[in-house]
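Okay, here's what each chain looks like letter by letter:
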Amino acid sequence: MRNLIAVPVILLTVILQSAVFSRVYLLSGIADLPLVMLAAWSLQEGVDSTWHWAIATGLLVGFISGISWIVPVAGYLMIVALAYLFQQRVWQAPLLAMFSITFFGTIIVSFMSIAVIRFSGVELPLSDALGLVMLPGVLLNMLIAIPVYTVMRDLARWMYPFQEVE
Amino acid sequence: MALALGGYFSSASNVFTGSLVSLQTWFSARFVAVQDFLTSPRDIASLRQRNAELEGDVAELQAQVIQLQQEVGETQILAGLVDFIRVRPENSYRAAAVIGLDPSPFLHYVIVNRGSNDGILRGMPVVTNQGLIGRVDAVIADAARVQLITDPASSVNVRLQNAETEASLVGSVTGELTLELIPQDIDIQQGDLVLTSGLGGGYPPDLIVGQVVNVRSRDFDLFQQATVQPVVDFNRLEIVLVIINFKPVDFAPLIPAP
Numbered sequence: 001m002r003n004l005i006a007v008p009v010i011l012l013t014v015i016l017q018s019a020v021f022s023r024v025y026l027l028s029g030i031a032d033l034p035l036v037m038l039a040a041w042s043l044q045e046g047v048d049s050t051w052h053w054a055i056a057t058g059l060l061v062g063f064i065s066g067i068s069w070i071v072p073v074a075g076y077l078m079i080v081a082l083a084y085l086f087q088q089r090v091w092q093a094p095l096l097a098m099f100s101i102t103f104f105g106t107i108i109v110s111f112m113s114i115a116v117i118r119f120s121g122v123e124l125p126l127s128d129a130l131g132l133v134m135l136p137g138v139l140l141n142m143l144i145a146i147p148v149y150t151v152m153r154d155l156a157r158w159m160y161p162f163q164e165v166e
Numbered sequence: 001m002a003l004a005l006g007g008y009f010s011s012a013s014n015v016f017t018g019s020l021v022s023l024q025t026w027f028s029a030r031f032v033a034v035q036d037f038l039t040s041p042r043d044i045a046s047l048r049q050r051n052a053e054l055e056g057d058v059a060e061l062q063a064q065v066i067q068l069q070q071e072v073g074e075t076q077i078l079a080g081l082v083d084f085i086r087v088r089p090e091n092s093y094r095a096a097a098v099i100g101l102d103p104s105p106f107l108h109y110v111i112v113n114r115g116s117n118d119g120i121l122r123g124m125p126v127v128t129n130q131g132l133i134g135r136v137d138a139v140i141a142d143a144a145r146v147q148l149i150t151d152p153a154s155s156v157n158v159r160l161q162n163a164e165t166e167a168s169l170v171g172s173v174t175g176e177l178t179l180e181l182i183p184q185d186i187d188i189q190q191g192d193l194v195l196t197s198g199l200g201g202g203y204p205p206d207l208i209v210g211q212v213v214n215v216r217s218r219d220f221d222l223f224q225q226a227t228v229q230p231v232v233d234f235n236r237l238e239i240v241l242v243i244i245n246f247k248p249v250d251f252a253p254l255i256p257a258p
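Line by line, the protein sequences are chains Y and C. Quick note: the first sequence uses the working numbering, first residue 1, plus one each step. Quick note: the second sequence uses the working numbering, first residue 1, plus one each step.
If we strip away everything but chain Y, and leave its shape as in the complex, we get (with noise of 0.2 Å):
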């Protein structure tokens, strides 16, 4: 049952991110609330099902946009591969292990973003791409990286109380 609570939050990091944060620009770029989002849930202990969470996810915001669907399915199951890499090996600075998914993982949807839009024969210079686009993402990414963990790290001890290590 608990898993149903993935439904509401991420109907509702899509609608957000649709409608809220793909507005607010720094240069050409824009943050990207789902793959924080995920990143964040990612690191929570104990927390289960995270899979699925990255492919209903990538599937939704595949639904919504232009690009394929590919994409985001696939970067977002990265963002969780990352995230149990992460959780391994900096397991003791969560907040560390966040920010590095998020600066990597923006990299990784990034690349993989301009790589099927430029196969797919659309004209995309990549020092644009890159200068405009990505960097200004990452540093976005970043900026939302705490507000977004310690949300997701409430939801996670209250969907999971039982599992809480001190």
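Calculated from the structure, these hints are not laboratory results. From the three backbone atoms N, C-alpha and C, an ideal C-beta is built for every residue, glycine too. Please note that a few of the clues may not be correct.
What the simulated footprint calls covered on chain Y by chain C, stretch by stretch (three residues with Cβ under 8 Å from a Cβ of chain C suffice, anywhere in the stretch; the number is not a length) [as the list claims (entries may be wrong)]:
no. : segment
1   : 7-19
2   : 29-42
3   : 111-120
4   : 127-134
5   : 141-147
Residues from chain C that keep clear of chain Y, each with C-beta distances beyond 10 Å, as calculated [what the hints assert, rightly or not]:
no. : residue
6   : A52
7   : Q67
8   : F106
9   : G115
Computed spacing ranges between beta-carbons, pair by pair [what the hints assert, rightly or not]:
no. : chain 1 : residue 1 : chain 2 : residue 2 : range
10  : C       : V87       : Y       : I70       : 54 to 62 Å
11  : Y       : Y25       : C       : V82       : 47 to 55 Å
12  : C       : D142      : Y       : V7        : 51 to 59 Å
13  : Y       : I70       : C       : G56       : 26 to 34 Å
14  : Y       : P147      : C       : N235      : 20 to 28 Å
15  : Y       : L12       : C       : Q76       : 26 to 34 Å
16  : Y       : V24       : C       : Q184      : 35 to 43 Å
17  : C       : L68       : Y       : I70       : 45 to 53 Å
Please arrange chain C on chain Y, whose structure you already have, making use of the hints.
Showing chain C alone in chain Y's frame:
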């Protein structure tokens, strides 16, 4: 008594009453001062309560002002759209509100709150009262995704009003619009108006797109390029019009299979 009535005590009476009045004035002033001092805390409490009530009223009025300003803004937008429709009665339009943007920063799409239930189909052009913004890319029952002309994958056949030549308008990842395939012998000037040509059947002709702001012409290039300033502010899209009686031409069946 007789002396008093005769006016013999008037000076003494004046001195006496004057002293009394002065004394009463002194007492009255002191009493009022003491009364003010004793009742002032009650007044402050009532003033604070009144102040809170007035602050509540001010907040309510400010909310009303914001709501009315929003309604005025929407009315102005709608009035502009109605004017646009009156100027072009040959087309049928469906108004739609922009409810979201594409989550990917590399693409330029918007989501509108009208779909196939409202007669909207894939390929229909989308405009505002200022000019062309794009065309419908995908449709579900109650919503549609619109590809803006600023999208890197967008290509619109246009013509330059003054130069009377045709060109191709392409978008970019930063939202910049570029005119391509302009022959070298064509004289383009800054400020030239860019309109849809209708060539290719993707868009109706004579929709305003923007103005030329910069021309790049090099001798060794086959074609000139120009930067176009769109007439529409794509960052502030709120209400758009979908031209629902325009059927885009699909060339796919005519393209021979490899």
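Right, here's what the structure says about each hint:
With 5 residues carrying a beta carbon less than 8 Å from a beta carbon of chain C, the segment 7-19 of chain Y meets the three-residue requirement, and the given coverage holds. Under a criterion of three residues with beta carbons nearer than 8 Å to beta carbons of chain C, the stated coverage of the segment 29-42 of chain Y is upheld, 4 such residues being counted. Given as covered by chain C, the segment 111-120 of chain Y passes the check, having 4 residues with a CB less than 8 Å from a CB of that chain where 3 are the minimum. Here's how the segment 127-134 of chain Y fares: 4 of its residues keep a CB closer than 8 Å to some CB of chain C, so the rule of at least three is met and the hint holds.
Evaluation of the coverage hint for the segment 141-147 of chain Y: breached, as 0 residues show C-beta separations to chain C shorter than 8 Å, against a requirement of three. Distance check for A52/C against chain Y: the nearest CB is about 32 Å away, which clears 10 Å, and the non-interface claim stands. Interface exclusion of Q67/C from chain Y stands, the closest Cβ pair being 20 Å apart, more than 10 Å. Not every beta carbon of chain Y lies more than 10 Å from that of F106/C, the smallest distance being close to 5 Å; the non-interface claim is violated.
Non-interface status of G115/C relative to chain Y is upheld: no Cβ of that chain comes within 10 Å, the nearest being about 13 Å off. With their beta carbons about 44 Å apart, V87/C and I70/Y fall outside the hinted range of 54 to 62 Å. The hint said 47 to 55 Å for the Cβ distance between Y25/Y and V82/C, and at roughly 31 Å that hint is violated. Look at D142/C against V7/Y: about 20 Å separates their beta carbons, and that is not inside 51 to 59 Å.
Against the hinted window of 26 to 34 Å, the Cβ-Cβ separation of I70/Y and G56/C comes to about 54 Å, which falls outside the hint. Between P147/Y and N235/C the beta carbons are some 25 Å apart, a value that agrees with the proposed interval 20 to 28 Å. At about 32 Å, the beta-carbon gap between L12/Y and Q76/C stays in the expected band of 26 to 34 Å. One distance hint, 35 to 43 Å for the beta-carbon pair V24/Y and Q184/C, holds here, with the actual separation near 42 Å.
For the pair L68/C and I70/Y, the supplied restraint of 45 to 53 Å holds, since their beta-carbon distance comes to about 47 Å.
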